[in-house]
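Residue numbers (my numbering), protein chains in the order written: chain A, 1 to 498; chain B, 1001 to 1117.
Certain hints may be false.
[Unchecked claim] For lysine-lysine, the following DSS-like pairs were computed, each having C-alpha atoms within a straight-line distance of at most 25 Å:
id	chain 1	residue 1	chain 2	residue 2
1	A	K301	A	K367
2	B	K1089	A	K297
3	B	K1116	A	K297
4	A	K363	A	K417
5	A	K271	B	K1112
6	A	K31	A	K20
7	A	K163	A	K126
8	B	K1089	B	K1072
9	A	K404	A	K418
10	A	K301	B	K1099
11	A	K301	B	K1116
12	A	K408	A	K421
13	B	K1089	B	K1116
14	B	K1040	A	K436
15	A	K163	A	K246
16	A	K100	A	K20
17	A	K475	A	K421
18	B	K1112	B	K1078
Hint data in this document are derived by calculation from the structure and do not stem from the laboratory.
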Amino acid sequence: MNEKDNNLEISDEIYKKIYKSISTQIYTWRKIDDDLILIDYNNAAEEFTGARIKDYIGIKATELYKDQPNILNELFDCANTQLDISREMEYKGISTGEEKYLEVIYNFITPDLVLVHMKDITDRRKVEEILKKEKQEKSIILENILEHIVFQTLDHTVIYPNKAACDSVSQKPEQLIGRKCHQIWQGSDEVCENCPVEHSFKTKKPETNEITTGDGRVWFIKGYPILDDDGNLIGGVELTSEITEKKHIEVKLKKSEKMYREAYNSSNLYKDLFTHDINNIFQNILSSIELYNLYRKDPNKQTELEEIENLIVEQILRGTMLVSNVQNLSTIENYDMSLFSIEVNEVLKKAISFVRQSFPNKKLNIKTESIQNEYFVMANELLQNAFENLLFNAVKHNINEIIKIDIKLSKDVKDDKKIIKIEFIDNGIGIHDSMKDEIFHREYRDYLKYKLPSGIGLGLLFTKKMIESFNGEIKVEDRIEGDYSQGSNFIIMIPEEK
Amino acid sequence: MATIFIIEDDISLQKLYDMILSTSGHQVVGVANNGDEAVKIYESFSVKPDIIIMDHRMPIKNGIEATKEILKISNHSKIIFASADNSVKNLALSIGAIKFIEKPFSMEKFLKIIEKI
């Protein structure tokens, strides 16, 4: 044996060692006549088959794989076409009966050998199947979720839109992928102002925003940055949910809360004003009765006794007005009052008559000045109560012996609308300048801050609310400009009936 | 007998207080319809009254504001709050009122308080 042959012999041995020790199973088939015969295998194959493979040396492929035509066909394909074949397959071991996943490569070796490499990929396949299942589950969640989910690149190119996102613009995924997010949903070539995804790219933190689209729908958008393992920004996720209904409910809730708060405030206000006024009335009556008992047997106190009697009657009337005002306020706030045509002079006559009867011992000089006989406004029966309140206050808060009240009726125009103006001009104690602008223009919650004379609060509040329900307004001026102490002029303006 | 200054916006009550106090031998030296008027009248007194009967809820200036201003003029002023507004009781006493009497009250109780002072 020369050196060259010796080297070849060593190479053959090395080859065999390599063949035997290679970690992939290798089965060597030789083509003989019309069949393939198993002629060799390596250690990995021996191990895989539990050493049973040795029993199959010399077996024909047609016999070994008579029940596995796929393998048989592939073996013959490789042998006949002399081309390599590669595939993955599910395989039930003939010798062990175990079900395995194998990666199989058929190599044709000239002139007549087929080497079958088999790699056990059972574990890998199992992991892949688990991952596939997880992916499917995630996909089911993503596709069925109501929120729009859009994966996008740093320039806002859509790379994945979920079903909800596609449905929002009636498009298929393939129609959206590759297009810019802002082009699809805003029809703009520019990135949206305050885009939370864009913002999240800058902050590298989740960001949110609320937007209203042209169709009036309101959306809540969350933008999440996507970072790689090294913390580099690689894209973003936009998660959008429609909150139009929620917003509508919030508005309704706020409205309801406001109404509740107003009702609560007004209830507290009425309670406070009522309690205060009724206690003052009780004080008047209690002191009157006590004084009456003290004076009644004294013949020199007859004038005082008469005065006290009148005072008790006045206080009872004041209490009646108070109760009536609380009831009327409740009526105004709880019911839609219908308006109808009313002649103001007629209502005034009734109110004046009521006040005259209420103060039989007071010297009342009430005059009505009216150019026309009739003035019609759209109001209702509560107009009389409003007039009675103003007249009652004018009498009650007056220290003159002769109480003067001039009532003037006239027509006027305000804000291009025809109005009826009713002025109640008295010589009472007046309303200080610091209170004039405030008494009719504050909210309920501020009403208690008013420093109104005792007993005037609920009556004025009712009158204001009443006149407003007739689409009118009320204000107060000095009877003599610049000197509030000379009396007041309460001016009511109500739209004239058309 | 005490000299008394009445600060009360209810005209009927002004009259009744006057009758009660006069009948009991006290002298009503002044009446004010509101806190603002009260401070002005109080300032004008050459001899300050012994006792002030003070309402709270009044026009222009309320009882608390008027009390503060009157006590600035004379911190010896003896102010009795007579109000239907019990919510200001603690405040009234804390700023210097010597007594708070809640309406409605009896004549007897009213006079006893004045006599004690």
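To see whether the hints hold, each was checked on the structure:
Annotation: proposed proximity of K301/A to K367/A is violated, straight-line Cα distance about 35 Å (limit 25 Å). The straight-line distance between the Cα atoms of K1089/B and K297/A is roughly 38 Å, outside the 25 Å bound, and the hint therefore fails. A hinted pair counts as satisfied when its Cα atoms are at most 25 Å apart, and K1116/B with K297/A does not qualify at roughly 28 Å. In summary, the hint linking K363/A to K417/A is not supported, as the alpha carbons are separated by about 38 Å, beyond the 25 Å threshold.
At roughly 31 Å between alpha-carbon atoms, K271/A and K1112/B are farther apart than 25 Å, so this suggested pair is violated. In summary, the hint linking K31/A to K20/A is supported, as the alpha carbons are separated by about 21 Å, within the 25 Å threshold. Among the hinted pairs, K163/A with K126/A is inconsistent with the structure: their alpha-carbon atoms are about 29 Å apart, more than 25 Å. Restraint check for K1089/B and K1072/B: satisfied, since their Cα atoms lie roughly 20 Å apart, inside the 25 Å limit.
This hinted pair does not check out: K404/A and K418/A have alpha carbons roughly 29 Å apart, beyond 25 Å. Taking the CA atoms of K301/A and K1099/B, the gap is about 32 Å. The hint is violated against a cut of 25 Å. This hinted pair does not check out: K301/A and K1116/B have alpha carbons roughly 28 Å apart, beyond 25 Å. At roughly 8 Å between alpha-carbon atoms, K408/A and K421/A fall within 25 Å of each other, so this suggested pair holds.
Distance hint between K1089/B and K1116/B is fulfilled; the C-alpha atoms sit about 20 Å from each other, no more than 25 Å. As the CA atoms of K1040/B and K436/A are separated by approximately 21 Å, the hinted pair is consistent with the 25 Å bound. Straight-line distance between C-alpha atoms of K163/A and K246/A comes to about 22 Å, which keeps the hinted pair within the 25 Å bound. Annotation: proposed proximity of K100/A to K20/A holds, straight-line Cα distance about 22 Å (limit 25 Å).
Between K475/A and K421/A the CA atoms are separated by roughly 11 Å; this keeps the pair inside 25 Å, and the hint holds. Pair hint K1112/B plus K1078/B holds up; C-alpha atoms about 15 Å apart against a cutoff of 25 Å.
Hints 1, 2, 3, 4, 5, 7, 9, 10 and 11 from the list above are not met by this structure, while the remaining hints are.
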